[in-house]
Structures are given as structure tokens and as C-alpha cells.
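> Each chain is listed here by its residues.
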Amino acid sequence: MKLVTAIVKPFVLEDVKSALEQIGVLGMTVSEVQGYGRQKGHTEVYRGAEYAVDFVPKVRVEVLADDTLADKVVDAVVEAARTGKIGDGKVWVTPVDTVVRVRTGERGSDAV
Amino acid sequence: MVNAGNTAWVLASAALVMLMTPGLAFFYGGMVRSKNVLNMLMMNFICLAVVGVLWALFGYSWAFGDDVFGGLIGGNEFAGLGSTIGHLVGYESTDPATGAVTPWPGGDALPTTAFVMFQLMFAVITPALVSGAIADRTKFWAWTAFVAGWVTLCYFPVAHWVFSFDGFTGPDNTGGWIANVLKAEDFAGGTAVHINAGAAALALAIVLGRRKGWPRERMRPHNLPFVLLGASLLWFGWYGFNAGSALAAGDLAGLAFTNTTLATGTAVLGWLLVEQLRDGKPTTLGAASGAVAGLVAITPACGFVSPLGALAIGVIAGAVCALAVGLKYRFGFDDSLDVVGVHLVGGLVGTLLIGFFGTNSVNPAAPGENGLFYGGGLTQLGRQALAAGAVMLYSFLIALILGYLIKATIGFRVSDDAEVIGVDETEHAETGYDYSGLGGVGGLGSTRPRLASSEGPARATAGKEN
Numbered sequence: 001m002k003l004v005t006a007i008v009k010p011f012v013l014e015d016v017k018s019a020l021e022q023i024g025v026l027g028m029t030v031s032e033v034q035g036y037g038r039q040k041g042h043t044e045v046y047r048g049a050e051y052a053v054d055f056v057p058k059v060r061v062e063v064l065a066d067d068t069l070a071d072k073v074v075d076a077v078v079e080a081a082r083t084g085k086i087g088d089g090k091v092w093v094t095p096v097d098t099v100v101r102v103r104t105g106e107r108g109s110d111a112v
Numbered sequence: 113m114v115n116a117g118n119t120a121w122v123l124a125s126a127a128l129v130m131l132m133t134p135g136l137a138f139f140y141g142g143m144v145r146s147k148n149v150l151n152m153l154m155m156n157f158i159c160l161a162v163v164g165v166l167w168a169l170f171g172y173s174w175a176f177g178d179d180v181f182g183g184l185i186g187g188n189e190f191a192g193l194g195s196t197i198g199h200l201v202g203y204e205s206t207d208p209a210t211g212a213v214t215p216w217p218g219g220d221a222l223p224t225t226a227f228v229m230f231q232l233m234f235a236v237i238t239p240a241l242v243s244g245a246i247a248d249r250t251k252f253w254a255w256t257a258f259v260a261g262w263v264t265l266c267y268f269p270v271a272h273w274v275f276s277f278d279g280f281t282g283p284d285n286t287g288g289w290i291a292n293v294l295k296a297e298d299f300a301g302g303t304a305v306h307i308n309a310g311a312a313a314l315a316l317a318i319v320l321g322r323r324k325g326w327p328r329e330r331m332r333p334h335n336l337p338f339v340l341l342g343a344s345l346l347w348f349g350w351y352g353f354n355a356g357s358a359l360a361a362g363d364l365a366g367l368a369f370t371n372t373t374l375a376t377g378t379a380v381l382g383w384l385l386v387e388q389l390r391d392g393k394p395t396t397l398g399a400a401s402g403a404v405a406g407l408v409a410i411t412p413a414c415g416f417v418s419p420l421g422a423l424a425i426g427v428i429a430g431a432v433c434a435l436a437v438g439l440k441y442r443f444g445f446d447d448s449l450d451v452v453g454v455h456l457v458g459g460l461v462g463t464l465l466i467g468f469f470g471t472n473s474v475n476p477a478a479p480g481e482n483g484l485f486y487g488g489g490l491t492q493l494g495r496q497a498l499a500a501g502a503v504m505l506y507s508f509l510i511a512l513i514l515g516y517l518i519k520a521t522i523g524f525r526v527s528d529d530a531e532v533i534g535v536d537e538t539e540h541a542e543t544g545y546d547y548s549g550l551g552g553v554g555g556l557g558s559t560r561p562r563l564a565s566s567e568g569p570a571r572a573t574a575g576k577e578n
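Chains as they are written, first to last, in this note's numbering: chain L, 1 to 112; chain W, 113 to 578.
Derived from the structure by calculation, the hints contain no laboratory data. Any given hint might turn out to be false.
What the hints assert, rightly or not - Simulated pairs of lysine-lysine, DSS-like, Cα-Cα distance not exceeding 25 angstroms: (1) L/Lys72 with L/Lys90; (2) L/Lys40 with W/Lys393; (3) L/Lys90 with L/Lys2; (4) L/Lys90 with L/Lys9; (5) W/Lys324 with L/Lys85; (6) L/Lys85 with L/Lys17.
As the list claims (entries may be wrong) - Label-pair distances were calculated between CB atoms; the ranges are: (7) L/Thr68 with W/Glu537: 44 to 54 angstroms; (8) W/Asp528 with L/Arg103: 42 to 52 angstroms; (9) L/Gln39 with W/Gln388: 48 to 58 angstroms; (10) L/Thr83 with W/Pro394: 24 to 34 angstroms; (11) L/Val53 with W/Leu439: 23 to 33 angstroms; (12) L/His42 with W/Ala520: 25 to 35 angstroms; (13) W/Ala541 with L/His42: 33 to 43 angstroms; (14) W/Ser527 with L/Val30: 35 to 45 angstroms; (15) W/Asp529 with L/Val53: 24 to 34 angstroms.
In this text, a Cβ means the ideal position worked out from N, Cα and C, and glycines have one as well.
Use the sequences and the hints to build the structure in full.
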């Protein structure tokens, strides 16, 4: 099993969700996060005083997938999230040892 | 004889001015960080409670009682307000046609109680204005003690200097020196309210010192919609402040209302223009600040200048204050929400510009001379400068002494730890916002829901029973 983690621009979330549904992904976890990469932040001005906002808002999408599906998930996210501009985000895949469904106690691939 | 129309307008104006203090609380509250918003609101709100008590006990009397010492302070005859019931305020009047004299309080008197409440609201908002200079780091009860001490030693006497006119609260009553001897013009409180508060704010910013991390760490306003909402409530209430200060529902109130509107509009434009040229963007905070700067500057002038004068005063005040808020970085004092840059500077601009734009053609009852642009020479400008300087110096010294006294005894500033945690938690044991994104049904402190359809909490075996 794999955990696919994607950090994307907030406004692409709906596109990412639809793309994942189309390839059969049944669930995901989404969180609002802040950070920066090469895009860096921006500058705000309050009564003439500059205020550097280093961390920009992003959305983190986490999807658990079978090994066979993981690459398709990555491709779907990347395609849906790409605008071609700096700050589009990153996607990475990590191996997962165990998954348990809380309601039933099922383990492994059955729980994904 | 009581004039019912005027009385109705003064009572309504008192209520309008009352709303300014909560409006100010939101104007300031939006500008601090979210961990300090409740403390900021409370520092303003408490003024309604504390100053009201002192006003009834002796404040009104010291401000508007018959002068007991050189135009500096009134006597105790209205202490407790018992003697204001059934009492009137007004002026002896002369009919221009017949020359018949109506003895005090004249044909257009007000009930004293209405005047007492109208003036109370000015006494409430003045110390509240000061609080913005010491945001994020002040002990609540120390602030409350300061409010009580400062209105007693500073506001009540200064209100007497500026607002108490001879022969108004009693047939032979003598008022304050600025209004009656110096004859400086201050229609609604450019000196007594704004310069007074601004000078005290500068003193307290010095007494309390900088916030931790200032100015290296920029402290971003946490809720700009609050700031604009607060500024809008201030603007609304300010019609009571300025037009109400005519103390009559007539020409002069209409002029003050008009000038208030016009100057505030041009001040917004002035501030935004400076921002556009200097920073490249017009900001919401700038629009709100410009509105307040314009309201401050037109306060002393609104009953003494023409509408064109008001337009000029507004744009000058907006631009000057937009530049003045940068001074604290140059001089290194942490006037956190720019009380000095907006209220002291705006108050000075408005008070001094009366010396240029003042014209008795719009107000035959004006106590002073025409301004420089209306052929009056420099006389009135000199008076305005003296009044502004006297109030500024007196307020600064009283606030400085009182501030250091509180600092040395009960302490004025919270601990470093409390400042980092936030004064909402450490001073009030509250949090301004529940930031839970869980729709209010989850998070710490919530209990597991008991659904009617299930007998108890679901178990790990549920769904696998058979």
C-alpha cells in the first residue's frame, strides 16, 4: 500500500477530487496548510509598513492506494493540479505498513 | 423654556456618540492580533462603565460647574447629579427684532440631564482612544485605574477649559479659560478629545515601552472587516458628536453634519492617494484610517468653516496623517495602533486649520475671529496654537506621571510570558474565536453523540457480528 500526498493550490482541489473519483479512488483526506517552495510568499502593506507573508496557503490531499493504483493516482493529481505557473505544488508517494478500518477492524488492502 | 426639538436632537446625539466607543473597540480590535482582540475590546468597553460612575459622582460638576479657580476647573454644585434634575441649561437671549431680553436660560433651553448624558459620551470615548497606543501588553485593571485617574485629573478639567461657556449651566456661571478668555475655537473636541487623547497615548507608549519583537516583527491586523466596520460605526456616531455639538436642531447642526461628511470623504481620498503613490496599492486599512483622520480633523472645525473649507481640511488631514503614522518607526516608540499619528496629528491639523479656514459668515455666534484666508490675520491661528499646545502639554504630563505611578505600584504591563501567550487568555481567561473547522461538533471538550438509533458507541466488531 502507498500513501500519496499532494500539496496543491487551493483552487484546484475540486478538479483533483473529480479526477481521483474518475479513476476509482473512494476517499481522501484534505487539510488546509501553509508553506512555501520556489514560489516564496508575498508582501502586504499596513499603514505603509511592509509585512512579508512567507507562508502561502495550500491544500494537502492524502490518498491511500493499493500499489497498483498509486501511479495512476499520482498522474491524475498532477494533471488536474497543473496550471503551469510557479507554485503548483508537489506530489510524493510513501510506503505504508498497515491500514486498519476503524469500524470493522479490517486490515491491509481490504481497509483501503 | 425647554425647546423640545433641540432636546430630542441632543438626546439622540448622546446615543449616537455612545455607539462610537464600541465602534472604536472594533476599529482597534480588528487591528490587533487575534490572541489580543478581547482585551482590546474590553479596554474600550470598560470606559463606558468607569467614566459613567465618575461623571455622575463629580466629573460633570468639575467640567461644567461654576468655575472655582482661574478658568481651570468647575465646582462641586452638580456632584451626584441630584441638582441637575429639573434644572435647565441655555443662554440669556435677545430678540433681534424687538430687543426684548429673555433671561437665562432663554427661550431654547435644554434639560440639564440631556446635556449631562451628551457630554458623558465624550468623556467616555476620550480615554478609550488612548488604549490603542498600548495594545497587546496592558494589565486590564491597571488600565482601568489609569482611565479613572486620567479622566479625573485631565479630561474633566480640560473639558471645563474648552467646553464650558460662561452663562450656560447657570445664569452667572463662569466657564473655562480656553473657551471664554482665550477664545480659541473648538466646536466638538479637537483639543479636549483628540489632542488630549493623542498626547496621553504618546506618554503611555513611552511608559509601557515596545511590544516584544517590535518593530522587527510585523504584527498584522487580524480582522480588517472589523476595522472598516468599526470606522463606519465611528463615522455614523460622529454625526452626534459634531452635529450634536450645535446643541440645537438647526442651521448650525446642518452645517456641522455637512462638513463632517465632506471632510471625511476627502480624507479617505487623501490617505489612499498617499498609499497609491508610496506603496502602489490603496488599502482597506488606509481607507478606514483616512476616514477617522478626517473625522478627527473636522471635529474642531465643523461649525466654523464653509463646505469648501471642510473639503480642504479633510484632504490635508488624510494625507498628513497617512505620512505621520510612519513617525513612530523613526522615533522608536510603539504607538501600536497609531493614536498619535491619527488623533494627535489629526487633532492638531484640524485645530490649527481653523486659523486659516475659519469664517464667521457661516456661524455668527462663533467666539473667535475670521481665519487667515478670510481676512482675519494671524490672531485666531495664534489662539488655536496656544489652546492646542496647552492641552497637549498638560495631558502628556498628567499621563506620564500617572503612568509611571501605576507602573511603580501595581504594574502596568503584563509579563513577557503573558504577552507571548496573548492577553485574552492571561488577562481574561477567554478566547476570541473558536477556530474549529469541524463544524462545532468535534474538537477538544466535545462529547460523543448518543444517537437514538444505536444503543451505545459503535465497537470494532460492529458489522461483523454474524
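> Looking at the structure, which of the earlier hints fail to hold?
5, 9 and 12
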